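Asker: Residue strings, one per chain:
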Amino acid sequence: NAGVTQTPKFQVLKTGQSMTLQCAQDMNHEYMSWYRQDPGMGLRLIHYSVGAGITDQGEVPNGYNVSRSTTEDFPLRLLSAAPSQTSVYFCASRDRGGPDTGELFFGEGSRLTVL
Amino acid sequence: SQQGEEDPQALSIQEGENATMNCSYKTSINNLQWYRQNSGRGLVHLILIRSNEREKHSGRLRVTLDTSKKSSSLLITASRAADTASYFCATDPNAGGTSYGKLTFGQGTILTVHP
Chain A
3 NAGVTQTPKF
13 QVLKTGQSMT
23 LQCAQDMNHE
33 YMSWYRQDPG
43 MGLRLIHYSV
53 GAGITDQGEV
63 PNGYNVSRST
73 TEDFPLRLLS
83 AAPSQTSVYF
93 CASRDRGGPD
103 TGELFFGEGS
113 RLTVL
Chain B
244 SQQGEEDPQA
254 LSIQEGENAT
264 MNCSYKTSIN
274 NLQWYRQNSG
284 RGLVHLILIR
294 SNEREKHSGR
304 LRVTLDTSKK
314 SSSLLITASR
324 AADTASYFCA
334 TDPNAGGTSY
344 GKLTFGQGTI
354 LTVHP
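Protein chains in written order, with this note's numbering: chain A, 3 to 117; chain B, 244 to 358.
No lab work stands behind these hints, which were simulated from the structure alone. In this text the structure is predicted, and so the values were computed from the model without any measurement. A few of these clues could be false.
[Unchecked claim] Pairs of lysine to any residue residues, derived as SDA-like cross-links and limited to a Cα-Cα distance of at most 25 angstroms, are as follows: (1) Lys269/B x His357/B; (2) Lys269/B x Pro41/A; (3) Lys313/B x Glu105/A; (4) Lys269/B x Gly42/A; (5) Lys11/A x Ile353/B; (6) Lys11/A x Ala328/B; (7) Lys11/A x Ser282/B; (8) Lys11/A x Arg279/B; (9) Lys312/B x Lys11/A; (10) Lys299/B x Glu105/A.
With the hints as extra help, turn the sequences into a complete structure.
Answerer: Quick look at the structure:
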């Protein structure tokens, strides 16, 4: 099993450019989410999805768009990149389970630099 | 906002010693989880403790949870150089049902184990 696969691993953008970070999981997980990790701030939730066609905002959604057309894929779009979006982005997924479960499976991260 | 606060921010010990990391949180939870992150890699789930549990063991890991104090601790016994990593606590909030994987992460503890 590949688990959660993120591409690209590294990307450099200029201010104002747009791009899409790809995320795919092969575990048939219903729930998927995007986090960003900045030094000293842990991980912060950007957007999440509870199934195909259903997405919602997390803690820091501004400047990002998501869609979920299939169970497997959950791309994150940067609409007009800004230096403040320089970060490491992680995609995660989990099975539905119940309130007593909830282990997240993470990808290896996409390191984005905006100049 | 960051729910979890971790202490210490950094911990340096010798191989064979025990490492203890603490996490505090603010709201009621379904469960609390601990994750490990090696440098430049994604997060890996270590252990989950439910809100009605007080202590849980997994190999060399021991986790405690005190819901009255809204705090948790992770103990790694007989540490090894390979345990060198960042460790994060994450809370699964009690919102009357499943949180859909919207975990809130602490800022992490950087553990260095010297051979």
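Asker: Report the numbers of all earlier hints that the structure fails to satisfy, in ascending order.
Answerer: 1, 9
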